[in-house]
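Protein chains: 2
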Amino acid sequence: MRIVVPAGGIGGARFLRGLKKELGVGSDPVGEEPAITVIGNTGDDITLFGLRICPDLDTVMYTLGGGINEEQGWGRADESFTVKEELAAYGMQPTWFGLGDRDVATHIVRAQMMAAGYPLSAVTEALCDRWRPGLRVLPMTDDRVETHVVLDDEAGGRRAVHFQEWWIRHRAALPAREIVGVGAEDATPAPGVLEAIEQADAVLLPPSNPVVSIGSVLSVPGVREALERATVVGVSPIIGGAPVRGMADACLQAIGVETSARAVAEHYGPELLDGWLVDEADEGAAVDGIAVRSLPLYMSDPEATAAIARAALDLAAELKEQRA
Amino acid sequence: MRIVVPAGGIGGARFLRGLKKELGVGSDPVGEEPAITVIGNTGDDITLFGLRICPDLDTVMYTLGGGINEEQGWGRADESFTVKEELAAYGMQPTWFGLGDRDVATHIVRAQMMAAGYPLSAVTEALCDRWRPGLRVLPMTDDRVETHVVLDDEAGGRRAVHFQEWWIRHRAALPAREIVGVGAEDATPAPGVLEAIEQADAVLLPPSNPVVSIGSVLSVPGVREALERATVVGVSPIIGGAPVRGMADACLQAIGVETSARAVAEHYGPELLDGWLVDEADEGAAVDGIAVRSLPLYMSDPEATAAIARAALDLAAELKEQRA
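As they're listed, the protein sequences go chains U and D. Be aware that the first sequence starts at 1, since it is given in my numbering, and climbs by one per residue. Be aware that the second sequence starts at 1001, since it is given in my numbering, and climbs by one per residue.
Worth flagging that the hints you see were computed from the coordinates, not collected in a lab. Any given hint could turn out to be false.
[Stated by the list, open to error] Facing chain D, a subset of chain U residues (Cβ under 7 Å, in silico): (1) 101; (2) 161; (3) 174.
[What the hints assert, rightly or not] One side of the interface only, derived from the structure: several residues of chain D facing chain U at Cβ under 8 Å: (4) 1050; (5) 1052; (6) 1082; (7) 1092; (8) 1112.
Ideal Cβ positions, reconstructed from N, Cα and C, are used throughout, including at glycine.
With the hints as constraints, model all of the structure from the sequences given.
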C-alpha cells in the first residue's frame, strides 16, 4: 500500500500521525520502502538571519519524529528563545518570527548544507535521519518558491509581503488582495514527487490550508496533472463554515472562494478530487463529480484522527475499484 | 590622555577593566573621544556553522560591557547551550567548540553584516553600540588572518590545525612545532589602528598571550613599526616561570622562548618595549634597554588590576619624559 499526502504544517502533520497509526507504521522503517510519502509545502519557507527556515517541512518532521511542541502544534517541545531575544537586543529585524533555540540548530544545519550545494530534498532527508518520522518527506520542489501576499498600502496602492509576515506579524488581519507563488511557474517537482504520485494507491489531501499549503503544492508545474491521474480523496479543512484551526478563511477570501466544505471541494474541482470527506455538520454538501462522505472530522486525538484516515483510505479504495 | 592597548582575550579584558577604573572611564563615553583604544587580536577568529566567531573581540566587548561570564572569563553570563547540543544531535562537527546560545546571536549578527559586505571593524562598532564598553574596540585588521598550529601527524609528518582546535580540543597538549599567522603578511591594519598608535600618549601591553594574542597583532605589517615609535610599557603574563592563566607556555615553547618574565621581554625586544612590569617574584629580572619595575601582578580584583594599570601609566609617563 502506497499513500501520498501533500501537506502543509499543523493540520497535515496531525493527519499524518493518525494515518501512521491506522497503517501501523512505526517510527523507523529502515530497510523497508516507506508506505507514506509526504509532499511538503515549501512556499512558506523564508530566510531570516542567514538561516533557512522551512516551517511546514519541520512541523511534519518534528510531529512525526516526536519533537513537536504538542500544545502549539509547531516548533520544538521544551523550547527556549534565547537567540531570538539576543538578536532583538542587537536591534536585528524582524522580531516577529518565533525562532526557538532548538529550531535554530535545524535551520543552521539546513543553511549550511544548502550553502554547500545540497538541494533541499537532500537536506530534508539528512534532517530526517535524526528524526526518523517513519515516512518519506519530500519537499514539493528543490527550487525556490515563496508565497507572497499582496496588501493595500497606505498610499492607496498595493504592496507585497512574504506570507510569513502577513500570517505571523499581521495575523492575517490585513485583507489579502492576491496570493502569489513567486517562482512557482518555473519550479520543477523535487526528485521522487511525480514518481510517488504515479505509484500511489491513494493520494490523501489532509485538512491543510487549501490555498497556501495544498494550493502551493499544486502550483508546481506537473504536480496537479499527476494528481489528476491518481485517486485523490480530500479531508475538508472547513467545518460548519469555519476553518478547523488557523486562518484559512482569510486565504480563501483572497482567492474569492467561500469558506465552506462544499466551496473548497469545488475549488479543487472534480478533475483533481475523486472523494471528499466533510464533517457531520456539513452533511448534505454535494459537488458534481466528487463522492462526498460525512463523518466526525475533528482531529481531537490520534484515535479520532486514525478513524478519519481510515475513512479516507476506504473511500479511495472504493473509488479506485469503481474506476477499474 | 590617549591610551592604546593591543589585547587578546581574558587577560587583556581584565587589564582593560582595571585601566578603565584607574582612569575613571564610564561605560558610555557618548559625545567624547574615548580615552582608550583597544587593538584586538583577530587571529583566533573562526567560522563555524556559518557563524563568524571572534573570541578575543567578544571577550573584550562582553567583559567591558557587563555581559561576561565572570567565573570562566569568556562567553556570556547566564549562558545556555541548546543550539550546540542540537547541532551535535544532528551529527554536525565540530562538537568541541563551546558555542553558547547568547553568543550565537552575536555571531549571527556578525556573519550577516559581513555577508552584507561590512568590514569587521564596522561590525565590531555596531556590536559595541549595544555593549557600550566605554572604549573604542578596533580589530587589528579587517583582513582575514588565522592562526594555525603545526603539529606532528601520525605518519611522522606534519599537519596544521586552526588555533582553536589546538587550544580547545587538544588543550594545547600536543606539541606545537610552529605557529603561523595565515594571511598576516598580506593584511593591512584596520582603519584607525595606526592613527591611534601615533596619537597615543602611551601604549600598554596587557598580560595577554605574547605569541598568539600580542604576537598576532604585531604580525600585521605596519603595526610593529608604529609601536616602535610609541612609548610602550608591557605587563608580564609570566609570573615566577609560569603563565598567570592560560597555556602561554605551550605557545612560547613553540617559538623557542623560555617561559619567564625576562625571556618574554627579550622576545618583544627593546625596540618595541620601553618599560616592563614584572611581579615581585621576578624582581631582579633585567633586560638591556628596557626599564623593568616589579610589583604585585596578580589581577585578583579590579582594585589590584587598577594598581597595575596605574604603575604601567606612571612608568610610561616617566619614560616619555626621559625621551623628551
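To test your reading of the hints: which numbers does this structure violate? Checked against the structure, the hints that fail are numbers 2, 3 and 5, while the rest are satisfied.
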